[in-house]
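Protein chains: 2
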Amino acid sequence: MKKYDNLVKNAAGREVPTIVNGEEHIPFKGVGKHIPTGRKHAPYIASCANYPADGNKTLANLKEALIKAGLKDGMTISTHHHFRNGDLIANQIFDIAHELGVKGLRWYPSASFPCQAGLTKYLEDGTINRIEGSMNGPLGKFASEGKMQGLGVLRSHGGRYQAVQDGEVQIDISVIAAPSADPFGNANGVDGPAACGLLGFALADSQYADKVIVVTDNIVPFPCIPWQIHGNYVDYVVKVDKVGLPEKIISGTTRITKSPDRLLIAELTAQFCDEAGLIFDGFSYQAGAGGTALSIGNYFRDILRDRKWKARFIRAGSNKYPVEMLEEGLVEYILDGQTFDLEGVRSMRENPGHVNTSPFTSYNYHGKGNFASMIDVVVLGATEVDVNFNANVVTHSDG
Amino acid sequence: MKKYDNLVKNAAGREVPTIVNGEEHIPFKGVGKHIPTGRKHAPYIASCANYPADGNKTLANLKEALIKAGLKDGMTISTHHHFRNGDLIANQIFDIAHELGVKGLRWYPSASFPCQAGLTKYLEDGTINRIEGSMNGPLGKFASEGKMQGLGVLRSHGGRYQAVQDGEVQIDISVIAAPSADPFGNANGVDGPAACGLLGFALADSQYADKVIVVTDNIVPFPCIPWQIHGNYVDYVVKVDKVGLPEKIISGTTRITKSPDRLLIAELTAQFCDEAGLIFDGFSYQAGAGGTALSIGNYFRDILRDRKWKARFIRAGSNKYPVEMLEEGLVEYILDGQTFDLEGVRSMRENPGHVNTSPFTSYNYHGKGNFASMIDVVVLGATEVDVNFNANVVTHSDG
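Order-wise, the sequence lines are chains Z and F.
Residues in the first sequence are numbered consecutively from 6, following this note's numbering.
Residues in the second sequence are numbered consecutively from 6, following this note's numbering.
Looking at chain Z on its own, in the form it has when it is part of the complex (with noise of 0.2 Å):
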């Protein structure tokens, strides 16, 4: 199989293959040119009759569930990455696939991260064909330099939803390592030793895969509560002895910088926004985590305690910051995708306005409407911007 065909060009002037590891694709039309007109992919209809009616869905080991759940040559495997660098679950997953002598596996993160560089020798021997999500460090590499066997994909968060809503990714079993799960399968990321925050990369892969693996170090008993993933979508539960290493799953602080030139950015950035009336009382704004986003952020805190006005919403990655203005009472809600500290972690278990979203809620293109549009600020983070603000976090130019 080739790794793509059929180059045309797209909407942005770019040639872009319309196979690729020979499933067609749609190439870019220009923004909301293309109009779906199908149907959202239909899971298999389950019945209790095949579930143990006490609940009790625990097995021994992963491998167990793998087997049981059908592992098999050519199939697809979903994790998610709020686990970070601290994964310890997705190396386990293709060890033993390895040990099976399965073959040719599309797998489907959310994210990969240097603490699963050593899949490289699965995607080496074909028990991985290829990765489709993001790519950082030593496994990016390795597919930019073209040695990966099938092509890799990378996808936004909400396109990875939608991908998988419409049917275009079909998950054949998905893994979702959590902080807290009880025997059931309701789990969620705020409890636990390995507490995330929240699962909801893994959101979709609960709803649409046809096996759903829960794999935990801190079994509670039923109900696990909140239930950010319904076990009512899960096959089997599997105990472990670690899920993740929690000191690599988010940073104990989060620094604003001390860069004066930066600092500057900050200041003027807030002070363009400011001036532009952008804010006001009840308007709402996202933030990244970066060093300079997150000075711009306390800038605006300063203006709202000022002026005694109320953010009606924060959409975070949420750290201490964010945190600390909910609890002052300068923001009513923070909306997060995922918790960057552990202040974010803590605030999101404590406070019911700290609400925990999914790429569903926040950024899928093919739902009625979603979150990305309603924000009244939205600061990015570029290591290179154009005169035509194209911009890109991967290169870097200081001149």
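Honestly, the hints are just simulated from the structure, not real lab data.
Just so you know, these numbers come straight off a predicted model, no measurement behind them.
Among these hints, one or two may not hold up.
Which copy is meant is left open, because identical chains are indistinguishable; a pair holds if it fits in one copy or across any two.
What the hints assert, rightly or not - Result set (BS3-like, lysine-lysine): computed pairs, CA atoms no more than 30 Å apart in a straight line:
{"no.": "1", "residue 1": "LYS34", "residue 2": "LYS73"}
{"no.": "2", "residue 1": "LYS247", "residue 2": "LYS146"}
{"no.": "3", "residue 1": "LYS38", "residue 2": "LYS73"}
{"no.": "4", "residue 1": "LYS315", "residue 2": "LYS244"}
{"no.": "5", "residue 1": "LYS126", "residue 2": "LYS108"}
{"no.": "6", "residue 1": "LYS146", "residue 2": "LYS253"}
On the provided structure of chain Z, position chain F as indicated by the hints.
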């Protein structure tokens, strides 16, 4: 079209039709004997391109929303019954349908109530072909007398979710009356003048209907938190002056029985459960809202308090008694399908341990398990029971 056809004897020994309102139905084969083989219903894929970027989906009135949703002859229109006998919206829907000359609708409520008795005129004139859903009061009488043009179909709460999930009933337009909503369509039942607690009976409708209309008398700025109904499933939002009559939605008070023989039944039931070893530290139970069942809950409470035990969860229909137990620390969670009094609503709004559930989590037999089989003790009130434990709540004998 014949109301029903092709009678066969089902596994319970009853003659049942396999053709109902022109559609095939599968006769009961015995508990756990029918294993579905198909796929779930697949709703149309939407696109953000067709929804307002600012998230404001409000329309002037319900008529405009129904017209935009494409209301026409023969459609299936769904409503929920969280407002019980205080609902003000269902009547308006069919007044509009009648005014527009639409005929042959299937009304698919999760239940209908005496406040909707006026709809008999639309059953008579053919605006509504039939009701599929529980019928309480005059509508039930009308159907029982054989006057409905189509055949009435009653489903359990779980059976209703299952029928929608599996595509046996395809909802064209769902109208979700909500005590609180934002312009994007996020909605909940805990806030607003018509607060009813939760909206779980409308979950399937929001997920699977072609068009979803949220109607509320309490519009809040985005985001409406908690979002028991996701705006990402919603097409239109309509603001009305009054969505329901609070005094008929929930009773202000809940009373335990004062009847000596019923109190004795309650005491003996609790004593039986205790001596049979069904009550223990961490046990779970479900109790109905009737006076006798409430009394049993109070006996359970006394046992827990005396022995310094804690129930893990109570399945409810909640009212002030389970809420008192939650707030006293005698139970860790209330898993609640509908709130029966003001204390239930308040508690669901305030207590993180008072969790809203849905027929999906609790009763859908075509899921990967459900909660119904996981409860240690269930107390069901019945007006008549035979020596083979068949029971019903529609006949009554005191002999």
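Checked hints:
{"no.": "1", "hint": "LYS34 x LYS73", "result": "between (42 Å within a copy, 28 Å between copies)"}
{"no.": "2", "hint": "LYS247 x LYS146", "result": "within (28 Å within a copy, 60 Å between copies)"}
{"no.": "3", "hint": "LYS38 x LYS73", "result": "between (43 Å within a copy, 22 Å between copies)"}
{"no.": "4", "hint": "LYS315 x LYS244", "result": "between (44 Å within a copy, 25 Å between copies)"}
{"no.": "5", "hint": "LYS126 x LYS108", "result": "within (13 Å within a copy, 65 Å between copies)"}
{"no.": "6", "hint": "LYS146 x LYS253", "result": "within (21 Å within a copy, 65 Å between copies)"}
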